[in-house]
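Using the sequences and the hints, build the whole thing.
Keeping their order, the protein sequence lines are chains A and B.
For the first sequence, the positions run 155 to 562 when our numbering is used.
For the second sequence, the positions run 155 to 562 when our numbering is used.
There may be inaccurate statements among the hints.
Identical copies go unnamed one by one, so any copy, or any two together, can satisfy a pair.
With a straight-line cut-off of 25 Å between C-alpha atoms, the simulated DSS-like cross-links for lysine-lysine are [claimed, not checked]:
#	residue 1	residue 2
1	K213	K181
2	K228	K179
3	K488	K501
4	K228	K172
5	K235	K367
6	K501	K182
7	K229	K179
8	K470	K446
9	K367	K444
10	K458	K186
11	K182	K228
12	K317	K347
13	K228	K181
14	K172	K407
Note that these hints are calculated values from the structure, not bench results.
Protein chains: 2
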Amino acid sequence: MPVTSINGREMPPSPIRKLVPFAEKAKKEGTKIYHLNIGQPDIETPDTMLNAIHNFPLKVVEYSHSAGLESYRKKLTGYYKRFGIELDYTEIIITTGGSEAIEIAMMSCMDPGDEILIPEPFYANYNGFSAKANVKVIPIRSTIESGFALPPISEFEKFITPKTKAIMICNPSNPTGYLYSKEELESLKEIVKKHDLWLFSDEVYREFCYDGKEYTSVMHLTGIENNVVLLDSISKRYSACGARIGALISHNKELMATALKFAQARLSPPTFGQVAAEAAIDTPDSYFAKVKAEYVSRRDFVVKALNEMEGVFCPKPSGAFYCIARLPIDNADKFCQWLLEDFSLEKETVMLAPATGFYSRPDMGTDEVRIAYVLNLDDLKRAMNCLSEALLVYPGRVVKKVAAAATN
Amino acid sequence: MPVTSINGREMPPSPIRKLVPFAEKAKKEGTKIYHLNIGQPDIETPDTMLNAIHNFPLKVVEYSHSAGLESYRKKLTGYYKRFGIELDYTEIIITTGGSEAIEIAMMSCMDPGDEILIPEPFYANYNGFSAKANVKVIPIRSTIESGFALPPISEFEKFITPKTKAIMICNPSNPTGYLYSKEELESLKEIVKKHDLWLFSDEVYREFCYDGKEYTSVMHLTGIENNVVLLDSISKRYSACGARIGALISHNKELMATALKFAQARLSPPTFGQVAAEAAIDTPDSYFAKVKAEYVSRRDFVVKALNEMEGVFCPKPSGAFYCIARLPIDNADKFCQWLLEDFSLEKETVMLAPATGFYSRPDMGTDEVRIAYVLNLDDLKRAMNCLSEALLVYPGRVVKKVAAAATN
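As structure tokens, this is what we get:
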């Protein structure tokens, strides 16, 4: 029997999805699970988008241009303009989800062995894309005590080597919910400029900034236009994760020409999703206002509920729909599996993502979990109830008295 | 300004798509172009599929399971059963087009530097996937004189090294249209068994086998069940290239577990396309009978027309919807570009794919083109007229008397 690849065998399973078999088993045994482990909102996809699918006009479901439908790219320039981002449609390549945008950006900009600096904790799949591109991730640690603010630039400087080719951020951040300020981005600009690095920014949660705080895009930074690569997706914006439509955007013409070759190699992004996404640009502001208000109330409820549990600490995030909480537990992986295998409250339990998957070293984030507040308030209440009860009876409960006193 | 990756810069543009800018220019100048360069059929997508899209039932366009919707995978086992392929649904991973199935198969089975033997000429994008996986393609030459039959197994044996991990075929073949016989596949089985190799088979054209010839799948071969990987796509089957739905299929459990990790890293295949593809399984046989009859008449017309042109030789293929023709020209790339830039007949011209892109060495296939007979008979007649006229006036016309005498 032939053997599988070393890369494939050594690749860690997705921390968000590796507990799925335990969840499937629990469901088969009749347990209801509140899924706070994955950024799959219960928010309805806007009618603009669903109507376009119901009225799909083509008789032949053709390939599109490898860079995406021209009409969609042209209309997208209007969408970005609303956020103060001026683009020509040729500066946009439509991708199969944000995932492919990241993958193509890495492959187009970085050679095997090159290094990319990423504030940690970071979206776990960045590891998978880096592994595919044979790129080395150099994590720059941010802390729960600071609410996961950008680490000082001096920390980035420490890790710059001749192999450093890029810095990558996610803003607002998955998994932390942190929203970078204009000042933080300006400080990143200086180091990008100084070392002539690529600056990749995953900004798929731009619609979800709270408390009147302002969204600043890397596309707003002047003087590094050829260094900046914007990575985008409609998955969260329109609650359309399954459409698999994203975008790679840059003013750098050489990059766009190189990226197009990778795009051609996979022929085209999905046509159905593009037709729907093009129509979705007309989604009224009222849709977003309603969704945003909903997320704010969910966040407020979840963060308050968490901080009221003994030994739990959760900074209040200003964006996206995630938060990271520190729990009084021995091991987040064990705890999250235990929630599915051995715990239930009135035949219900909650599924969380162990934060270990968002850190680069196995000994980091061991008492943290990521919570996606993607369910309605009633469900969130029951889910927080489950978690609260579970923490009381979990055999691996550990209350770190010093840390708790310092941060709660 | 930061520089793009070496891999990216050195990657050849898709031979099928690199002439697109010349075509766009010609169109803007008012020239009508017959696209025989790309496997984008004009056949209508079946109603089964379009109706499912028009009635798309979900309110939230969710991620699916990373391996694809369970209901779709289960129903697909029935589709394969009709072709004598027995599967459990867990032996199927739904991919974003056949492209992703090939990419995941390579990454899951092969390490950087490993070698894969592929009969040449082969589908050009295999080069792109190999480059991404850092795998070395070792071409095994098949010839136009034999109609591109499988090269003798002794030719494969010659190139087996300790680095050889896989053999890949496309059956029926893009770009040659050749349909491998049961005997040819049995001979491949022996070498796969002897060296314990992976056998990848791209069988996306199984519905298109002509002249009563039988389709044999690698899944029919007994004794190498753990070596065989079937790569599939609905693009051609239902004329739904833009749906971007494919599949990676194997009885090898270790491979499927490894492939699932790569599938998880990109979250999920497109939901719209999967819903449509699931419904498409109910497409009546009458649809395929009609489509097949249409392709047979197109093939018969095109092959006859080509062989009637002076100095042209085109073997008659038994499958898919492509043929490769040898033309009396100096250079296929130049000729195909010239057709778009400098030639027109009554404001019309034809776009072909230079065969050079389907060979591994730049000096091979220089007088061959791939023709996709994906247009209706009227359009094909006008397209063949254009080609016939163009060959008479092309400044680089070269009639190789000896070769022509030997093969026409």
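Evaluated hints:
Taking CA atoms no more than 25 Å apart as the test, K213 paired with K181 passes between copies only; the shortest distance there is 23 Å, against 40 Å inside one copy. Taking the shortest Cα distances, K228 and K179 sit within 25 Å of each other only across copies (19 Å), while inside one copy they are farther apart (46 Å). Only within a single protomer do K488 and K501 lie at most 25 Å apart by alpha-carbon distance; the minimum there is 20 Å, versus 70 Å between protomers. In the homo-oligomer, the alpha carbons of K228 and K172 lie at most 25 Å apart only across protomers (22 Å), although the nearest pairing inside one protomer, at 39 Å, exceeds that limit.
With identical chains, the CA atoms of K235 and K367 are at most 25 Å apart within one copy only, with a shortest distance of 19 Å there and 57 Å across copies. For the homomeric pair K501 and K182, the shortest alpha-carbon distance inside one copy (12 Å) is at most 25 Å, but the shortest distance between copies (65 Å) is not. Taking CA atoms no more than 25 Å apart as the test, K229 paired with K179 passes between copies only; the shortest distance there is 22 Å, against 45 Å inside one copy. For the homomeric pair K470 and K446, the shortest alpha-carbon distance inside one copy (16 Å) is at most 25 Å, but the shortest distance between copies (61 Å) is not.
Taking the closest pair of Cα atoms, K367 and K444 come within 25 Å of each other only inside a single copy of the chain (17 Å); across copies the shortest separation is 60 Å, beyond that limit. Only within a single protomer do K458 and K186 lie at most 25 Å apart by alpha-carbon distance; the minimum there is 24 Å, versus 65 Å between protomers. For the homomeric pair K182 and K228, the shortest alpha-carbon distance between copies (18 Å) is at most 25 Å, but the shortest distance inside one copy (47 Å) is not. In this homomeric assembly, K317 and K347 come within 25 Å of each other (Cα to Cα) only inside a single copy, at 16 Å, whereas the closest approach across copies is 43 Å.
Only between protomers do K228 and K181 lie at most 25 Å apart by alpha-carbon distance; the minimum there is 19 Å, versus 45 Å within a single protomer. For a Cα distance limit of 25 Å, the shortest separation of K172 from K407 across copies, 17 Å, qualifies, whereas the shortest one inside one copy, 39 Å, does not.
Of the numbered hints stated above, none is contradicted by the structure.
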